[in-house]
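J.: Sequence:
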Amino acid sequence: MARRVGGQVAAEQYYEAAMSILARDGAAGLKIGPLCRSLGVTSGSFYHHFGGWAGFVRGLLQHWEAEQTGRVVELARAHADPVERMTVVKRLTVELRHDAEAAIRAWAQIDGEVGRAQARVDLQRRIALEQVVADVVADRADAHRLAVFGISLMAGFQQTCDPRDRDLLRDLFDDFQRLILTHAPESMRAVTPPIG
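In the UniProt record's numbering, the protein residues as written are 1 to 196.
No lab work stands behind these hints: they were computed from the structure.
Any given hint could be a false lead.
[Stated by the list, open to error] Quick list of the computed label-pair ranges, beta carbon to beta carbon:
#, residue 1, residue 2, range
1, R24, L75, 25 to 31 Å
2, G55, Q131, 29 to 35 Å
3, A28, R166, 22 to 28 Å
4, R37, Q159, 43 to 49 Å
5, D171, I110, 29 to 35 Å
6, Q131, R24, 30 to 36 Å
7, R24, D171, 24 to 30 Å
8, G33, L123, 19 to 25 Å
C-beta: ideal position from N, C-alpha, C; glycine also.
Given only the sequences and the hints, what does the whole structure look like? Please build it.
T.: As structure tokens, then:
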């Protein structure tokens, strides 16, 4: 959770509030006034932290990348068992802020900086997923295709399912894991429990 610094609102609190606004109102609703009102601060506090809108957007995108991509990769790598790593990635993927990410994907179509961040996040996620899948699937080409499929599944879910039903996404990724395991050695094909 974000913290207050000397009575001030920390930058992370702005980013978390921005993600909530994006989830609820999309990029069109993300403006300085509503953001400051949601935190109970003046625009002076905003300008003190970020200097202006461009500084805020840069910080927001860096925060999103670190929290929603870097954290997933780090937590997945903490598990030695390859199938357990897949299960962790599934769980963390389902827990992502998909409404906010759908808004970021739409925003990326009209803002170059956001588009570059979105492309970077998708690439980092695909590379990380490919590494997880490659620990289960011997053929590198299969691992690559399956990773692309997984990222496409998540992005497609974000763009086409509204409201974004986490139970549906959980089921989709359970199906995806079963598909991956069809490419795995027999010893890894034991039925894994659903995300739950």
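J.: Taking the hints in turn, state whether each one holds.
T.: Hints, one by one, checked against the model:
Between R24 and L75 the CB atoms are about 27 Å apart, so this pair conforms to the stated range of 25 to 31 Å. For G55 and Q131, the Cβ-Cβ distance of about 33 Å falls inside the hinted range of 29 to 35 Å, so the restraint holds. At roughly 25 Å, the beta-carbon separation of A28 and R166 lies within the given 22 to 28 Å, and the hint holds. The hinted window of 43 to 49 Å between R37 and Q159 is violated, with their beta carbons roughly 29 Å apart.
Between D171 and I110 the beta carbons are some 32 Å apart, a value that agrees with the proposed interval 29 to 35 Å. A C-beta distance of roughly 34 Å is found between Q131 and R24, which places it inside the suggested range of 30 to 36 Å. The hinted range of 24 to 30 Å is satisfied by R24 and D171, whose Cβ atoms lie roughly 25 Å apart. For G33 paired with L123, a C-beta distance near 34 Å fails the hint of 19 to 25 Å.
Taken one by one, the earlier hints fail for this structure at numbers 4, 8, listed in ascending order.
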